[in-house]
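First to last, the protein sequences are chains A and R.
Number 223 in the numbering used here belongs to position 223 of the first sequence; there are no gaps in the numbering.
Number 151 in the numbering used here belongs to position 151 of the second sequence; there are no gaps in the numbering.
To be clear, the hints were calculated from the coordinates, so they are not data collected in a lab.
Quantities reported herein were computed from a predicted structural model and do not represent experimental measurements.
Note that CB positions come from ideal geometry on N, CA and C, so glycine has one too.
Check each hint, because a few of them may be wrong.
Facing chain A, from chain R, some residues (calculated, C-beta under 8 angstroms) [unchecked claim]:
(1) R99
(2) A107
(3) D112
(4) S116
(5) L117
(6) N118
(7) P119
(8) V121
(9) I181
(10) S338
(11) W341
Once the Cα atoms are required to be at most 25 angstroms apart in a straight line, the calculated SDA-like pairs of lysine to any residue come out as [claimed, not checked]:
(12) A:K201 - R:K122
(13) R:K122 - A:L289
(14) A:K201 - R:Q206
(15) A:K201 - R:V121
(16) A:K208 - R:G186
(17) A:K208 - R:Q111
(18) R:K93 - A:L125
(19) A:K208 - R:T91
(20) A:K201 - R:E325
(21) A:K201 - R:P318
(22) R:K93 - A:G126
(23) A:K201 - R:R347
(24) A:K201 - R:L283
Covered stretches of chain A, as calculated for chain R (at least 3 residues, CB under 8 angstroms) [claimed, not checked]:
(25) 187-193
(26) 196-209
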Amino acid sequence: MTATTPRQQADASVDATPVAIDEVETGSGPPGLGVGFWLAVAFLGLIALIAVLAPWLPFLDDPDAFSRDDRLGPSTDYWFGTDELGRDVFSRTMFGARVSLQIAVLAVVAGMLVGGSIGLLAGFLGGRIDRILSGAMDVLLAFPPLVLALFVVAVRGATVANVVLALSVLSVPGIARIVRANTVVFANREFVTAAETLGAKRSRILVKEILPNVVPAMLAFSLLIIGLLIIAEGALSFLGLSVADPYPSWGGILASGRLELDEAPHIALFTILLMFLTVLSLNVVSDTLQQRFSVREAAI
Amino acid sequence: MSDTVHAGSNAMGTTPPLLEVTGLRTSFDTPKGRVLAVDGVDLTLERGKTLGLVGESGSGKSVLSRSIMRLLPRTGVASEGSVKIEGEEITTKSPSELRAMWGPQLAMVFQDPMTSLNPVVKIGRQLTEHVRAHLGVDKAEAREMATAVLTEVGIPEPARRLQEYPHQLSGGMRQRVVIAIALACGPRLLFADEPTTALDVTVQAQILDLLQREQSDRDMGMILVTHDLGVVAGRADEIAVMYAGRIVERAPATALFNDMRMPYTEALFTSIPKLDYPSHTRLTAIGGRPPDLINPPKGCPFSPRCPYAKERCHDEAPPMREADEPGHTFACWYPVGSAEWHDARARRRREGTPVPVAVGEEPG
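Let the sequences and hints guide you as you build the complete structure.
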């Protein structure tokens with residue numbers, strides 16, 4: 001840097017970091033979403049595909065078939081080894097993905113419907129309705145989440161429907177908050193007033209003008225929530241308060257694998273790894289999308 | 001329905017003006033107190049005429065146009081007075097009756113085309129939906145009308161534009177689309193709320209010309225709100241100058257420019273840079289700030305900033321009075337051109353305090 005070219009000097013006078021300028025100049029094409037994002041999407045797509053197709057996939061056994069030796073390590077026959085009852089861990093984790101994802105996705109969809117509606121109404125109507133709805137959401141947020149879920153499942157029993165219900169209750173307040181905040185921003189935009197001056201009804205403005213603007217942020221946030229709910233469901237299963245054998249979720253497999261940690265750690269290990277990668281991917285995708293939407297927002 | 005009103009009034013020999021505003025007052029409740037944003041405004045506008053509404057930021061010109069349209073927030077706002085569109089009182093109308101008027105009767109072009117179009121909705125939908133709702137035409141017909149109105153406002157390849165999103169258009173194009181949306185239902189009265197403030201200077205004249213052309217082609221009334229006297233010069237039939245929520249001078253455009261009486265109008269006029277000024281001429285700014293609308297001054301609202309103000313100006317608010325030309329009214333005790341005005345200028349010259357450049361006078 002001692003012998004600076006005029007070019008570099010010009011850069012330095014404009015910005016203290018000429019390197020950054022060069023990077024921008026030589027950057028290839030428009031800013032992409034990054035390799036990490038696409039890896040995460042690919043992983044999630046694969047898991048989702050296997051989860052949906054699990055019962056029909058030829059390389060998966062019935063996860064409840066215990067015909068082999070127990071506690072085998074990973075091998076070409078049994079990729080993730082076998083568990084304490086001789087069941088194929090790989091098949092079980094794939095079927096587990098089916099249960100875990102199904103529960104988390106259902107709960108998030110319910111959360112988006114309920115929380116999204118609450119957030120839209122609170123943000124759009126404002127005033128007393130906003131105070132009541134936001135207050136209710138704050139009350140829900142004040143409960144330790146797992147205790148709340150435990151309460152629902154303990155009272156109503158550990159069925160898939162009840163676990164979904166319990167997890168929806170967890171997802172509602174967060175989604176409602178995000179949607180409310182976004183609605184408030186858009187409700188004060190000029191295009192909303194413009195729609196009003198053209199004679200649009202309030203309900204139409206909410207559904208056709210504001211909702212489409214709020215949905216991207218809500219979807220991005222909901223991906224994050226799916227990750228959280230997979231963990232929460234795992235915790236419930238671990239405590240024996242979720243779906244049990246013969247088709248357990250990841251949490252259920254972990255709960256039984258925990259007892260075998262000294263002799264067959266691979267049972268828990270592979271499940272944990274799968275869970276970790278799934279939640280990580282969800283976070284990466286959600287973060288990237290949220291950044292994308294906020295950037296696009298500023299540019300408009 | 002308006003046709004029957006029309007016929008009835010014609011039979012009596014008098015057509016009511018397109019817009020008649022009397023004693024309009026709008027105030028907002030804020031934590032600091034009540035802000036009187038529009039303070040007793042009277043206006044009339046005939047069909048096919050343009051009214052230029054001029055004032056600086058915070059003078060209440062936007063609130064006035066929104067008060068006339070009844071586009072005010074639901075809570076914390078008090079509005080009184082009368083607003084008649086073609087003789088029909090609209091202040092007593094219900095929200096659904098108003099919704100039926102917005103579009104076919106009253107329409108508004110907003111300041112910033114970047115924010116007045118919905119970013120996630122295609123131009124086509126934004127341009128046809130209200131047409132279908134108000135005029136009851138089917139989808140294909142609405143599309144045809146949309147294409148026609150886009151061509152009219154000077155957008156090339158209108159059929160393709162209908163498929164595009166707002167971000168695919170430039171600022172000037174977007175404002176053309178906003179104007180097309182406002183015109184689509186054929187309004188009788190168009191409000192243009194600083195329609196060029198957010199645009200490049202090169203595009204401003206085009207947009208103003210477009211508005212003026214549409215106004216005369218469609219024979220609609222237009223209220224052109226701006227802070228720039230230069231924008232309304234040559235485009236408005238009549239000009240109303242607003243200050244602190246009141247109209248302080250109102251006159252046919254030529255009368256206003258030739259014989260302005262209110263020192264505030266004079267100050268606005270002299271603050272426009274002229275092309276024939278030598279370079280580095282210091283612009284004449286209006287010193288001070290607009291008055292606090294929570295505790296408005298007792299006398300003339302402009303008196304604290306007026307170079308010619310006397311004791312009476314600070315104590316007593318001047319009423320609107322007639323100037324020599326018909327239709328020219330102003331609110332000032334010692335108007336431009338009066339003996340007191342000449343005295344005040346002479347005194348300021350002697351004291352060496354700067355004197356605003358009078359109309360027709362060279363600066364410096």
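Evaluation of the provided hints:
1. R99: 4 angstroms, holds
2. A107: 6 angstroms, holds
3. D112: Holds, because the Cβ-Cβ distance from D112 (chain R) to chain A comes to roughly 6 angstroms (cut-off 8 angstroms).
4. S116: With a minimum Cβ separation of about 4 angstroms from chain A (threshold 8 angstroms), the hint on S116 (chain R) holds.
5. L117: Since chain A brings a Cβ to about 6 angstroms from L117 (chain R), closer than 8 angstroms, the hint holds.
6. N118: 5 angstroms, holds
7. P119: Holds: closest Cβ of chain A sits about 5 angstroms from P119 (chain R), inside 8 angstroms.
8. V121: 7 angstroms, holds
9. I181: For I181 (chain R), the interface hint holds, since the closest Cβ of chain A sits about 7 angstroms away, which is under 8 angstroms.
10. S338: Hint on S338 (chain R): violated, closest Cβ of chain A at ~43 angstroms, above 8 angstroms.
11. W341: Check failed: Cβ of W341 (chain R) comes no nearer than 42 angstroms to chain A, outside 8 angstroms.
12. A:K201 - R:K122: 19 angstroms, holds
13. R:K122 - A:L289: 22 angstroms, holds
14. A:K201 - R:Q206: 33 angstroms, violated
15. A:K201 - R:V121: At roughly 17 angstroms apart (the allowed maximum being 25 angstroms), V121 (chain R) and K201 (chain A) satisfy the hint.
16. A:K208 - R:G186: 23 angstroms, holds
17. A:K208 - R:Q111: Distance ~22 angstroms between K208 (chain A) and Q111 (chain R) Cα, so the pair holds.
18. R:K93 - A:L125: 22 angstroms, holds
19. A:K208 - R:T91: 28 angstroms, violated
20. A:K201 - R:E325: It is violated: about 46 angstroms lies between the C-alpha atoms, which goes past 25 angstroms.
21. A:K201 - R:P318: 43 angstroms, violated
22. R:K93 - A:G126: Given that 25 angstroms is the threshold and the Cα spacing comes to 24 angstroms, the pair holds.
23. A:K201 - R:R347: At roughly 60 angstroms apart (the allowed maximum being 25 angstroms), R347 (chain R) and K201 (chain A) break the hint.
24. A:K201 - R:L283: 47 angstroms, violated
25. 187-193: Holds, because 4 residues of the stretch 187-193 of chain A bring their Cβ atoms closer than 8 angstroms to Cβ atoms of chain R.
26. 196-209: holds (count 8)
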